[in-house]
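Chemist: One-letter residues, chain by chain:
2 protein chains.
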Amino acid sequence: METVAIVGVGLIGGSLGLALQKTGFSGRIIGVSSERTIAAARELGAIHEGATLEEAAAAADLIYLAQPISGILATLDCLGALVRPGILVTDAGSTKLQIVRKATETSRVYHFLGGHPMAGKEARGVEAADADLFRDRTYILTPQRSAELDIPAVKVFLAWLGKFGATVVTLSPEEHDQTVAYTSHLPQMASTALAAVLASLPADRLSVAGPGAIDMTRLALSSFDIWRDILGTNRDVVDHALAVYIDKLTEMRHNLQTQRLDKDFEIAAEAATRLRR
Amino acid sequence: METVAIVGVGLIGGSLGLALQKTGFSGRIIGVSSERTIAAARELGAIHEGATLEEAAAAADLIYLAQPISGILATLDCLGALVRPGILVTDAGSTKLQIVRKATETSRVYHFLGGHPMAGKEARGVEAADADLFRDRTYILTPQRSAELDIPAVKVFLAWLGKFGATVVTLSPEEHDQTVAYTSHLPQMASTALAAVLASLPADRLSVAGPGAIDMTRLALSSFDIWRDILGTNRDVVDHALAVYIDKLTEMRHNLQTQRLDKDFEIAAEAATRLRR
Chain A
1 METVAIVGVG
11 LIGGSLGLAL
21 QKTGFSGRII
31 GVSSERTIAA
41 ARELGAIHEG
51 ATLEEAAAAA
61 DLIYLAQPIS
71 GILATLDCLG
81 ALVRPGILVT
91 DAGSTKLQIV
101 RKATETSRVY
111 HFLGGHPMAG
121 KEARGVEAAD
131 ADLFRDRTYI
141 LTPQRSAELD
151 IPAVKVFLAW
161 LGKFGATVVT
171 LSPEEHDQTV
181 AYTSHLPQMA
191 STALAAVLAS
201 LPADRLSVAG
211 PGAIDMTRLA
221 LSSFDIWRDI
231 LGTNRDVVDH
241 ALAVYIDKLT
251 EMRHNLQTQR
261 LDKDFEIAAE
271 AATRLRR
Chain B
1 METVAIVGVG
11 LIGGSLGLAL
21 QKTGFSGRII
31 GVSSERTIAA
41 ARELGAIHEG
51 ATLEEAAAAA
61 DLIYLAQPIS
71 GILATLDCLG
81 ALVRPGILVT
91 DAGSTKLQIV
101 RKATETSRVY
111 HFLGGHPMAG
121 KEARGVEAAD
131 ADLFRDRTYI
141 LTPQRSAELD
151 IPAVKVFLAW
161 LGKFGATVVT
171 LSPEEHDQTV
181 AYTSHLPQMA
191 STALAAVLAS
201 LPADRLSVAG
211 PGAIDMTRLA
221 LSSFDIWRDI
231 LGTNRDVVDH
241 ALAVYIDKLT
251 EMRHNLQTQR
261 LDKDFEIAAE
271 AATRLRR
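Protein chains in written order, with my numbering: chain A, 1 to 277; chain B, 1 to 277.
Everything labelled a hint here was simulated from the structure, so no lab data went into it.
Some hints could be false.
If chains are identical, the list can't say which one is meant, so a pair holds when it fits in one copy or spans any two.
SDA-like, lysine to any residue: derived pairs with alpha carbons at most 20 Å apart [to be verified]:
(1) Lys102 <-> Thr258
(2) Lys263 <-> Phe224
(3) Lys163 <-> Asp61
(4) Lys155 <-> Ser26
(5) Lys121 <-> Arg276
(6) Lys263 <-> Leu221
Chain A extracted, bound-state conformation:
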């Protein structure tokens, strides 16, 4: 691996550039992003140079797509015509099925491996990039067949993830989207709905809210800019997760009346404890 092209040099893309260099990558790192971002990313040392997608794709033996999901989908539409045959294209999008499908449909020129680093941060943009962003975090890969992991270019990429200190977990694209619908998208919707309900309280009442309400509305601070693509590309699975959540709340409403909530609290506390292991 001599030349890496990072398409979308934000928090994740910038962190990839920094992580590669910190762990010994001595090749060239090309960024594809807006002029302003390229300047900031060069300043921070996350990339060596900026280029157009055409230039970067023609030079790279690894292409890392770290744009928003809709940007990744748009890039995949034209990438097949631009890349050298046999290279690895991977991505960092928060949903996987539509991206993997698009990659499969649009090209057989390159190997595509879907990825999702579970390595968020409150701050966004290349300014928040961090060479250790992936360290001790889960990095999900979504091969469609496990044999994909034996492709030489993939093995090289896996070795770099290992050097970053990431813990690789493999799931099918469907399993991935199903899982994050519950562990990420549903918590977001639950928090947004709760904050939207609290929005209707008189202003002076909000002031008595304690740390519980603060915790439960932190995700609600998220901008819809990020969530539009995520929810839009995982709509049916999130819809189902919401239905399951509403059913549970309805059941608990019933148990509240009959004073039999102890079992719900017990099961919930057990799961919350397991989540923290």
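Using the hints provided, position chain B relative to the given structure of chain A.
Modeler: The following block gives chain B in isolation, referenced to the frame of chain A:
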């Protein structure tokens, strides 16, 4: 105010004893609790001595009820016969309407003023007591008529709350229970329901959960021991808050399908921001 009786010397009761002494109270502080707790509370300096409820009530010119709600209700059943006329009885229960009603129904011998310090901590018990627990925290008082706040014994108590550094907010008992149903009890139910839904995921899937799921399930770690009384004494209001939450989630489910969630996210982010002021 020369003698204070603290009934239930746990986190809140113990902190009251420590806060009084830290801010210059030179009178006697009597604790009413289990033998084990009295020993621990004396060791920590939260109280001077232990006594039975009868002894403590006969000696005190302020009685502070800091038991679980059901304990407070039981104590109020017999307190009228035990106290000196005209003293102040106040409490720290997490719901107020049933407690204030019980106090009004059972005695006209003492003044009763409902209270609710918004000063929780993860840890419980007198071992976690803290002289600064009330500092910079909201302390809700629930007089039934505002004239109650002019009663001399109440004014003395208010002055101590001021010395503790607490911010006093007054609400009617109904307003209090309505408010905490949304700002405290609903967040708890939302967290418990979410964790109960996550409980049904395969174990290895939970491991990919990020910080969002962790935040949203912290409250779900709470023991039902605390919540049984709270939810049991605020059932109808919490039921209504749950219905409002379920309606909002149902509406968001619809907006997910029609791709019009932007408004929900905007309103929610605004409320979450206001909560943090």
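Chemist: Does each hint hold? Answer for all of them.
Modeler: Results of checking the hints against the structure:
1. In this assembly of identical chains, Lys102 and Thr258 lie within 20 Å of each other by CA distance neither inside one copy nor across copies; the values are 50 Å within and 23 Å between.
2. For a Cα distance limit of 20 Å, the shortest separation of Lys263 from Phe224 across copies, 9 Å, qualifies, whereas the shortest one inside one copy, 35 Å, does not.
3. Within a single copy, Lys163 and Asp61 get their C-alpha atoms as close as 19 Å, which meets the 20 Å cut-off; across copies the closest is 68 Å, which misses it.
4. Taking the closest pair of Cα atoms, Lys155 and Ser26 come within 20 Å of each other only inside a single copy of the chain (18 Å); across copies the shortest separation is 73 Å, beyond that limit.
5. In this homomeric assembly, Lys121 and Arg276 come within 20 Å of each other (Cα to Cα) both inside a single copy, at 18 Å, and across copies, at 19 Å.
6. Taking the shortest alpha-carbon separations for Lys263 and Leu221, only the inter-copy value of 13 Å comes in at or below 20 Å, while the best intra-copy value is 32 Å.
Hint violations for this structure: number 1 only, all remaining hints satisfied.
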